[in-house]
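Numbering (the working numbering), first residue to last: 818 to 1387.
Keep in mind that the hints were calculated from the coordinates and are not lab data. Do not take every clue at face value.
To be verified - So the derived label-pair ranges between C-beta atoms look like this:
| # | residue 1 | residue 2 | range |
| --- | --- | --- | --- |
| 1 | ALA894 | LEU919 | 26 to 32 Å |
| 2 | LEU1301 | GLN1208 | 17 to 23 Å |
| 3 | LEU1320 | LEU869 | 19 to 25 Å |
| 4 | VAL923 | PRO1223 | 55 to 61 Å |
| 5 | VAL1239 | SER1297 | 27 to 33 Å |
Note that the structure is predicted; figures quoted are calculated from it, not measured. Quick reminder that beta carbons are idealized off the backbone N, C-alpha and C, glycines included.
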Amino acid sequence: MRLALFLVAVQPGPTLVSPTPSPTPVNTFAANPFHVSFLLSTLIWLPVLAALIIAALPNPRGRNDRTIYLLAFWTNASLAFLALVAYNQAQLFSPSFQFEELIRWVPWLGISYHLGADGITIAMLLVGSLIGTVSVLASASIRERVREYFTLLLLLQASITGALCARDMFVFVLFWAAGLLPAALLLAGWGGPRRHEAAIRFLAYGAVGTAALLVALLLVYAATGGASFDMNVLANAALTPRVQLIAGLALVIAAATRLPLVPFQGWVRDALSEAPPGLAVMIAGIGMRLGGFMLLRLLISGLHDGSRLLAPLLGALAGITILYAALAAFRNDDVRKFGAYLAIIPGGLFALGLAGLTSISLLGAAFGLITGGLAAALAVGVTATIAERAQSRSLSVLAGLAPRMPKLAWLLVLAGLAVIGVPGMASFISEVFTFLGVFYTQPAAAFLAGLGMAAAVAVVAFTVQRVLFGRPRPDSPGASDASLAETWYLGLLVAALLWFGILPGGPKIGGQVTLFDEGIVNVLSNGSTDVASPYVPPAPPAPPTPSPSPSPSTSASPSASPGPSPSPSP
């Protein structure tokens, strides 16, 4: 059966090899007027320009609130169009990064403004533009300090986009850290009753993650001689297993503060439950995915020995995280915190796929990076809308919601189904591939994660039955169903999940756009069913057979990346 998977190109070859970077940026823009030479820079800096315009726009007594809202919306609509341009104009089966831009920034330190996009980046940009548009639509209820709100929201979006496109490690860290302050200010300025505590906790965990990322950066930079921060150079450097282990552990800690993974999940509950709906959608949909993207790009692609050594730890953290999120959601009585706990599960599944280190599990993880963001955004968006419309956050008070809020009732059901990954939802594909691959290499982690997913199914079923079809309480507050705008922006997320779940091939998908650079995974080709770990160390060469007559011995040279040993020549 042909599996036409979203943005997957079938790569020939049985083993994983390190990526071969192009020495100069690849020009893919000259043949078509819709190719933009600085496409990635436009995606990054257009929101910054719009934020500056909004910040400079006078707004006495809120007279320009609608103008500001429309400017933010059309900025995101333009970003979605540009992301579609990148998606449609990507070179087919290209092993190199595309739409590259390279400007020497600080040459004496080896720092460059280097941007580039492969298939996974283009997919993330496409999903990010959709999440950004939904986030603006979800912010229509903002009535106080509208100018400041959308200025910060656009700056947050620009920082996330910059991190996705960065091919220089120093630039990546700058964009990674730049998003912390706008998100914290949005949370502290427009959040719920516990917004200040949530903002401080968000900044604290973000600082820990940034510090860990800096440790990994400086360690690898020093080990390579301090010549360059370029990811192509760092990924191909000959690092000792000890350096890879320490740097990889720092990367895991940094990613765990974003995905998040236990024990760095403490900020998520308060941040997503206290944040305004637009910010919650942005953080859950694309902000938290940035941690997984970093692991996929830097750990799995660049540190093969570190990936092997840290795979059991990553698998254990993933399984514990999934089980924790399911049990915490069961013990919780706050509808917004229920959505926050559901948003943790896709990150745990992604980490589980990485821990498997098989072609099929890595494929599931990469697809889950996209679908998990959509499912998490839908979960926090629906629960935030229910809390606003029902004028209560208590699940006990919200019993019997379906007759009063039928549209939101169905959207809540779909959000739960998307997170647990039922057939027909896009997350189902990623979960199946993840578990199929992980059971071969990390059976204990897969079993623990399976228990967590079973608990999540039970929690979703119990909560949906209690909230939607339970007996209404006499003291339940009045509730109104979702407005047309709320139905539309939540419906966009549902449509995307159903589209990629029912038709994962889609237009110009299924073998036409490269999803991975070769250092991450060579997708199974020619009907191969081999799911053995691609990072198994090569077997030691057999001892030479004594021979009475001297003969020149041939030994295989060590390979730059893990893979099977070459056959000895006769």
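For which of the previously enumerated hints does the structure constitute a violation, in increasing order of number?
-> 3
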